[in-house]
Structure formats: structure tokens, C-alpha cells
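J.: Residues per chain, in single letters:
Protein chains: 2
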Amino acid sequence: MSGRQLHLNVNLLHSGVYPSAWRLPESRPDAFIDIDHFVRVARIAERGKLDAIFLADTPAINDRIDYRPFNALEPTVVLAAVAAATSHVGLVATASTTYNEPYNLARRFASLDLVSRGRAGWNVVTTADAAAGRNFGFAGASEHGARYARAREFTDLVHALWDSWEDDAFVGDKSSGRFVDTAKVHAIDHRGAHYTVAGPLTVPRSPQGRPVTFQAGGSEDGRELAAATADAVFSLAQTIEDGAAYARDLRTRAVRYGRPPDALVILPGLATVIGSTEAEAQRRQDELWDLVPVEYSLARLAGTLRIDPARLDLDKPLPDPLPLPPDANHTMFLGTVALARRDKLTVRRLLRALGGGVGHRIVVGTPEAIADDIEAWFRAGAADGFNLMPDVLPDGLETFVDAVVPILQRRGLFRQDYAGATLRDHLGLARPANRYAATGRSLSA
Amino acid sequence: MSGRQLHLNVNLLHSGVYPSAWRLPESRPDAFIDIDHFVRVARIAERGKLDAIFLADTPAINDRIDYRPFNALEPTVVLAAVAAATSHVGLVATASTTYNEPYNLARRFASLDLVSRGRAGWNVVTTADAAAGRNFGFAGASEHGARYARAREFTDLVHALWDSWEDDAFVGDKSSGRFVDTAKVHAIDHRGAHYTVAGPLTVPRSPQGRPVTFQAGGSEDGRELAAATADAVFSLAQTIEDGAAYARDLRTRAVRYGRPPDALVILPGLATVIGSTEAEAQRRQDELWDLVPVEYSLARLAGTLRIDPARLDLDKPLPDPLPLPPDANHTMFLGTVALARRDKLTVRRLLRALGGGVGHRIVVGTPEAIADDIEAWFRAGAADGFNLMPDVLPDGLETFVDAVVPILQRRGLFRQDYAGATLRDHLGLARPANRYAATGRSLSA
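Residue numbers (UniProt numbering), protein chains in the order written: chain A, 1 to 445; chain B, 1 to 445.
Heads up, some of the hints might be wrong.
Since the list gives no way to pick one copy over another, a pair counts as held whenever it fits inside one copy or between any two copies.
What the hints assert, rightly or not - 16 Å max Cα-Cα, derived EDC-like pairs, lysine to aspartate or glutamate:
#, residue 1, residue 2
1, Lys49, Asp63
2, Lys174, Asp30
3, Lys174, Glu26
Note that these hints are calculated values from the structure, not bench results.
Next up, chain A with everything else stripped away, as it sits in the complex:
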């Protein structure tokens, strides 16, 4: 195996990406709060040699929970438990820069990196939901640009805290009694527009140097944040052309920040519905779709578009014009509208194409067809890999691992086994140099 390699991450969406996944005979409705479910999925991912599992998150109830499961549990707590039950698969948790303290967040992820022996990743989000704001003393969500200005400072600050211990600061020499070389532990003394943080972190530098930073930069601000700070990006693209254009744009921006164009691993979302024949896959999609109540899908679409559901007519196209609302999740909004306009879909057909309101691309087919699709995107430079969203969990992932992964391996596109121990190793990312090494103010200065 040689040459450029695919990266595969699985989005651990409780019962699966379809809102109806929990209603299938093989699903357990309480999977969303059952740690055994998360461990089971992680072990399947590890058996398939996947790069990582990923948990999305919002610190609020922002979906129709009367109809479907949601991200209930705090992701770092879940992934710490999963770390103890796995050995290689990466563990990526979402955490908001708008509703966390940088010191606490840096510490929690550095701790997860130590507990998992170098498998932690942080997915940086700014959290557009008004419901989240109301859980943290605000009347609603803060404005898009303000969220991203704060996010940039927050992310830089967290990276500095992750460098606050040099690699060899911990000594632990019994005979001399020297425990830590405090000349190699550094205050960061950050004083910025939004945060003032002294440091150092309480956590020695983690196995990966820094946990891997993920971002899902869709908007202009989001792309800039990703280009400046991220190691890997969860993107949204419905066509190879859109995917390739996004990748070119992001790499150009990264170069402007003095980074090599391949510094970023770009992973478009990919929902999968797999059958042993094309007809079986279509039947599976029909079954999943028929179990989604239309009022749920409509409410979710209206939420994505930030409009009144009454403005949506099932048998007509989306309202036109449809300006981007300031408080929308840009990625989801633009992806949804682009899909509807391109294929001139009625709302009813759009809902089905969205799989009940997801927004990411859905491929329905045989393992061979899905491998072909993945290979085409990969070879066209539209993706370095994918953020997989199986229709149903764990079954949809098990099918992917048992039927699609071997095809990708035979084609020389995907690893036969893990070559390294850390998530950075899996993603082919270098261990970052420590900004304070051989310089800087120390704790003892």
C-alpha cells in the first residue's frame, strides 16, 4: 500500500443519520443514552481501521425530540469511556467556543488525549442555536461575525495552552527528587479582546503534542477559521465539482496563512444506505423514509432555513428569494438551498433527498457502487476522505466495514491496518512543534 490514502471518520449519530433509524427492528431506542452502544460502534470502526469516530454537539435541545434521538450526552465524557474500551480509533468531540471557558476546554481535551494515549480531536464549533444561548445567560445566539472573532482567539489560546508544557518538562527523577523542570513549563499570559488567561495548563504536553483540531468551515468566516487553525475539516458538498472547488478554496486560504496546501485533511459528509443489490438499497431507503413523519421533516427544514414552516408547500419549490439569515448555520443552509435549486425539487422531494433534514449527500447502492463513488471523489481532489454518516447504527457501519472497506483496501486506497498509535498518525499529520521549546518565559522565571 502506498501513495495518497483515504481517511474515514464516522459520525456517531446515536441511532443513525435517518431520523427514523431508531424505529427499525434492529435498533434500540435508548442507544442515544447507552454507553454500550457508543462502545459497540467504536469497536466496529476500529475493526474497520477507520481514522476516528466523531460526536457532534449542541449544549441545548434544538431538535424535535418528540420524534427522534439527539445528542444528549456530553461528548468528552462519552469518548473518555470509549477510550478505555478501544485502542486505536481516534476520538473526536465537538465543543463550542461560544459557551465554554478556554482553560477548561483545553484541559478537558488534553486530558482526553492522555487518557486515550494520543487519540483525541476537538471539533471547533461556534454554536448558532438560539436555544443554546438561553442556557448560558443570553437572550439568544450571538451574531455570526462576533462568534467567529471569539472562536479565532479561543482556538489560538487553546493551542497556546496545549504548548504550555514542553515535551520534556516532566522529569520524575526519584533520586534527586526533581518532579518537574519548571523552566520548561510556561505561562502563556494571554490578554486578548475576549479572553485573559495566564496559564500554564495543569496537563503535561499530550502524546499528540496537541489534540487534532477539526472544523466545519462553510461560511466565509468559517473557512478563514479552518484555514488558519484546523488540521482537518468536515465539509458539505453535494457534487464533485462543489467538493473540488471547496478544497481548492480552503487550500488557497491555508497558503495565505503560511501553511502548506496539504496541511488540511478535508472530509465531506457522506450518508450511506447500503444494500447487496441496488434494489435492496432503494427498499431500505424507502423503509427509512416512510417512517419519518412529514411534520418532523418540515419542521427541521424550516429550522435550517430559519423560516416559518407555513411558508413551505410540499408540492412547490422552496420560496424564492431565500436570503441567508444572520443566525443560520451557513453550511447547512447553503447546502440545502443548493440541492433544492440544482435539481429543481419540490419541498416533498427535497425532504426525501435530505433524508429527513440532514443536508449532507446521501449515496444509496451496493458496496461496489459506494466504493466507486468514494474513489471518484478522492481521485478528483474533492475529498481526502469522508465523514461517514451511516443510515442506521451500528448496522449501517457494520455493513460499511465488512463490505465497503475491503473493496477500498483491495484498490489500495485504504489502510490494511493502523500504522501508528495516534490520531495524528492515522491522518498523516505531523506532531506540532512546541512554540516555547528552547525559549520563552517559564513558570519559575
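Following the hints, put chain B in place on chain A, whose structure we already have.
T.: The following block gives chain B in isolation, referenced to the frame of chain A:
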């Protein structure tokens, strides 16, 4: 086995309570950042049928890390990993009300309670350290009374969030498609002096109803907070009389808050140095003490007293008078001064009695002598059990479990096995009723 039963918690102080514990031949210096160490200690505690393990915490470096290990890792991350590797032992994590958002904290502990299937506890602290303040945008620590006013509102608010889902709100009925009965999920709409939080929590009600609330109320404010909100208390007492007086005081206060006097489980700190003979135990203590650099002990004592180390003369008593500084940890300050005055100790002898600056009571002796001490405190009403601080970990705990626990079991004071599955079961605490059951505003209202 019947009658009133002892409760035993172990304070998982990385390498042990002695600052020199990491330097013994059997210790691993990197235990403080090695998850396998935490798992090993937890499994020994579980083999001994102990109620819980406990992690102290400060979100800052506030000790002389050039000399000794410290609480590096974030406790909920550590305990989630430990949860996956154990089945019965309780898991108590410290988290600060001054430097966390209530919504995030409530969510993290509710998640830990689900992940551990009902074994989570939250030790409420207000964090007196100035170094912590500087990691969160403050010039130093906030004032004692202000911290406690905030802590009371914070704790009440967290308890309300833990009630925001009624026990039977989750439905998960595949045939009807009803996932959650949103009439049983409640906004809390808290608007207080310090916090405004809408709720509900994203987490269904946890196995314990609410994670167990611990407190270490030493000061007047701390005792009031514990009496009003805590299920269990970590206390500091050097004599049976002091322990009994503290217990009486706290139970009297609890009654004033309309609670039964036995609503609180009171657990004084108890450091143990165990030998198969009295002489062997003394030798072990000498060995541990001789490895503590005197400049470390002096610096730590000066830190507890919030005075310049130059004011401490090794061969004289503590300075007199020594007023309580506003930014001190009251429990540690008062315990230390009381010990020095009562036994008229020079600073040198005080340091040794403190075991290098701990402040909690140290018992040195045979398993039989330690069991006698525990029984005497328990029967005198000075303790419902203890927060054990073994000299060295895991060895000191292993000796306790193998040699002291069987004596306590033979005397009918301690369980032969766990009778229940949750930490509340172990502690004999009732599952709290949900404040919203059969009433209140729901999410769908």
C-alpha cells in the same frame, strides 16, 4: 450484617497523600497522568467494597510541582474512563462553581451518571486559589462570601437541571413513533442574581435521579452550603471531640433547612500509614517523611496560612496571632492552626504532623489499631465513615483493603458486598423526588 454501617471513600491523590510517595521504590512517578494507575486504584477500591473513589481538583497549578505530583487531569474525563473499567465503585469528581458554567457542569455530571449507570458524584468547591482566577480572566480569587453566594445559586440551579426531565419522559415507542413525551421535559427558566439559564438539560434523568452532591464545608459559609444542598460532606477533624462537634453542628443546620439530621453522610479525612507492627508503620512514616524536602513543606504550610515563608522558624511555634486571611481555604487553615496550638508544636514538628502539609489527621499503626480508631470515631458519632488518604497509592490502599477492611467486616461495621448498584445505594441515600413530577411547565407548553 445490620445496624448503622460505615462508608469508606478513597481520595485518589495520584501517588498518595505524602508528597514523597512518588519517590518510593514501588511507585511510578508518572502515575498522576497514567489512566492505568487510576483504573488500578479504582479496582482495588471495588475489591474492598468501598463506597467511592474521589478526585480533588483545582483548574490551575497551585502547588510546588518541582517537588511533587498534582491533580493534572480533568476529573470527569478520568472518571468516565474508570467507569468503563469498573462496575460498582462510586465516582466522585470535584468541579468548581466559580469557574464553570452551570449548564455545562450539570450536563457533564448527568452524562457521567448515565455512562457509569448511576455511580457519579459531584464535589462542589468554590476554589480559593488566586492562580485559578488568573486562568479565567480575573486578577485573582474572588472574595469568600461572594464565592459562596454564587455557589448556592449554582448548586440549586444544577439540581433543578437534573430534575428537568421527569423519570418517564423518555418513551421510545417504535410503533407510534413517539420518542420523548415532551410534556415531561421542563424548562427551568432560572433567573437569579448570578445566572440566567432556560433549560431543559439535554440529558434524560440519570439513574440516581441526581448525581450525589458532596461538599467540604469548613467555614461558616461552607457549612451553610453543605447543610442546605449536600448529600455527603468531606470534613477535617483532628480529634473525636472536634469531629462530633462538627457533625452535631452540621446536622443542626440541616434541620434548619427542613432536612432530617441524618440526611448528610459525614466523612472526615483520614490519612493512613499501615505496618504489620507498630514499629514497621513508624519506619514507613519516617521513610516517607525523610524524602519530603523541608523547603517544600515550608512553602506549602506558608501557602495554607497565606503568609511569607520567611515568617516561619522551624524551631519555634507558629506566629501568634495568626488571623484568618480572607482568601484562605478555611478548612485547611483552621485545621492546621488548631493542630499546632493544641499540641504546642514547633513548625518542624507541625510539618511532620501534617505529613508535609496535608492538614488531615494521620493514623500510623497496625491494621488492628487503624480499625480500632475508625470504630471509635464511628461509634462516637464523629464520623459516618472516612475519606481515606493512603500514604502511597496503590500500595497503601491495597494494604487497607486486604488487612483493615476484613477486620471492619468481622466487626459488622462494613458491608461484605455491595447491596445495590448506585452510589446512592452504597451511601444509603434516597433517590430524590423530581420537583416537576405531575406539575410544572413543560417543553411543549
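J.: Is it within a copy, between copies, both, or neither that the alpha carbon of Lys49 lies no farther than 16 Å from that of Asp63?
T.: neither (32 Å within a copy, 42 Å between copies)
J.: Tell me, please, which holds for Lys174 and Glu26 at an alpha-carbon limit of 16 Å: within, between, both or neither?
T.: Cα proximity of Lys174 and Glu26: across copies only (11 Å, versus 55 Å in one copy).
J.: Between copies, within a copy, both or neither: which fits Lys174 and Asp30 at Cα up to 16 Å?
T.: between (49 Å within a copy, 11 Å between copies)
Hint 1 from the list above is the single one not met by this structure.
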